[in-house]
Amino acid sequence: MLVASNVMVAPRATLLTLQYPDTLPDMIAGQFAELQVPSAKVLLRRPISIHAINRDKNLIEFLIQIVGEGTESLSALKAGDSINVLLPLGNGFNYRSTHVSRPLLIGGGVGVAPLLFLGQEFAEHGIRPIFLFGGRNESLILRKEEFMKYGDLFMTTEDGSAGEKGFVTNHSLLFESEQFDRIYACGPTPMLKAVARWAKEHETACEVSLEHRMACGIGACLCCVEDTADQGNVCVCKEGPVFTIDRLKWFN
Amino acid sequence: MTASGTFGYGTEYADLMDISRLGAIIVKGTTLNPRQGNPYPRMAETPSGMLNAVGLQNKGVDYFVDHIYPEIKKIQTNIIVNVSGSCIDDYVQTASIINTLDVIPAIELNISCPNVKQGGMAFGVKPESAAQVVSAVRKAYDKTLIVKLSPNVTDITEIARAVEAAGADSVSLINTMLGMAIDAEKRKPILSTITGGMSGPAVKPVALRMVWQTAKAVKIPVIGLGGICSATDAVEFLLAGASAIQIGTANFIDPSISEKVIDGIEAYLQRHGFNSVQEIIGALETN
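Protein chains in written order, with the working numbering: chain P, 12 to 263; chain S, 57 to 343.
Bound-form chain P, shown alone (with noise of 0.2 Å):
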């Protein structure tokens, strides 16, 4: 694929937009892409989460945070570059056959990246979801305008530089008396196990995106695995990444 624009978006985070050659495939929000990495000094592909996509144009976005030689690496690429990529993998969130109508997304650090899709679905469909992200600050709060474009969007920060100060599961949202029918969350693990707690004992349902090593991304190298209530350890790459909270074995 083509490499259509790649910017930064905050000074650890780059925007990548792939320009695809055809028709998009069908594609859920929560999949993702194992993208080749240019530089010769890393090996393995990376998995990155599809963060939006723009079927008139045939482009897909990913949003990227640079963490190490490999992102440093994806985040040099230019306008016009070609890089191989896998896609789309894995399973998605569950929204096409599953009615939700009060859709809650919550993202923290660039765990938000696929629920700018995600929200870009709902919006299609007519539902105006609320985004909850949580941050270290503000800064590292990526691409708020837009989330803004899809549904509402709310914060906490740990510093207080915007929104609430403090963790997503003590944003005031959760504790009005509006209800949600879903939670779709992305994150860091504890954040994720928090979030899940939360739903549990608010019996809301609730599914999470991991984000474990991966090596292949299709199911035959057995690394990124986690343990499940109904399967033992199953592969991220392909059973998850997303997964409905019932399904880990995070409270026993």
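Hints were generated in silico from the structure; no laboratory data involved.
Cβ coordinates follow ideal geometry from the N, Cα and C atoms, glycine included.
Mixed in with the good hints there might be a few duds.
The calculated lysine-lysine pairs, modelled on DSS-like cross-linking and capped at a C-alpha distance of 30 Å, are [claimed, not checked]:
1. P:Lys249 with S:Lys129
2. P:Lys249 with S:Lys130
3. S:Lys115 with S:Lys182
4. P:Lys176 with P:Lys160
5. S:Lys242 with P:Lys176
6. S:Lys115 with P:Lys204
7. S:Lys244 with P:Lys249
8. P:Lys89 with S:Lys316
9. P:Lys52 with S:Lys242
10. P:Lys204 with S:Lys244
11. S:Lys182 with S:Lys272
12. S:Lys244 with P:Lys260
13. S:Lys316 with P:Lys52
14. P:Lys204 with S:Lys242
15. S:Lys316 with P:Lys249
16. P:Lys249 with S:Lys115
17. S:Lys272 with S:Lys316
18. S:Lys242 with P:Lys260
19. S:Lys199 with S:Lys182
20. S:Lys195 with S:Lys275
21. P:Lys52 with S:Lys244
22. S:Lys115 with P:Lys260
Facing chain S, a subset of chain P residues (Cβ under 7 Å, in silico) [unchecked claim]:
23. Ala226
24. Cys227
25. Ala231
26. Val236
Label-pair ranges, simulated between beta-carbon atoms [said to hold, decoys possible]:
27. P:Asp37 with S:Ile238: 39 to 45 Å
28. S:Thr200 with P:Glu83: 42 to 48 Å
29. S:Ser312 with P:Ala87: 21 to 27 Å
30. S:Leu157 with P:Asn65: 46 to 52 Å
31. P:Gln30 with S:Ile238: 36 to 42 Å
32. S:Glu322 with P:Leu35: 34 to 40 Å
33. S:Arg77 with P:Leu35: 27 to 33 Å
34. P:Arg139 with S:Ile238: 44 to 50 Å
35. P:Leu70 with S:Ser332: 47 to 53 Å
36. S:Asp71 with P:Phe178: 40 to 46 Å
37. S:Arg77 with P:Leu70: 29 to 35 Å
Since the structure of chain P is already known, use the hints to place chain S on it.
Relative to the frame of chain P, chain S by itself:
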């Protein structure tokens, strides 16, 4: 061939390449009883390589026979089952069950997995125990018996000769090299098992050397593997004396790498005027 543990059961790759072009698919390590494998994290990327500590996660041989075999028997290439165990009896029982499956022409006996506490590599690091498990399986298994050797030994040719004498039809080498990765910031090991098996291009020179030594030491065919990522890499193993090669870690980087290697070997033969791949096996000129 595609190396065990890197190509699933073949079906995972069916949409990504023409798997019928492969000489064989060596499916994931199979044990007598189901195994959950090791806890996450199981993988660490290292310079030009990776460490894994999967720990032989599989649903056991009975599940394989009932549920996986009916699916993969339709694949138009040789399906070889990698067999592992934690005691001789496990190996023998698993091998004899697989012996009854019509379209499985061979097993690869894994006496070299570094990621399980009992057995596995323990059998493969001493000539006596390697010979013991191979001769026991030989009695129970009458098709082609390949034995996968560990590089974590002082002299791999000793082990190769021992398993040849015990009835192995072929040896494949190398399995992963025991390694370790540390997260300095957290002062913790990256893998849940602390140590794991290293693979990828970083191990290729070691693998090549061991294949070269082993090919001179035994009469049975040697299957070479360890870091092969290109047709040139594959040709190097053939020149060193391997009669066939396996591709492992490279499948994770490029799922259709095997097809490219097959095409590349053909192109190499043509470019150098060879009529058959046989002509380059062990054709290394050392003077």
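Legend entry - Numbered hints the structure breaks, given as an ascending list: Structure breaks no hint.
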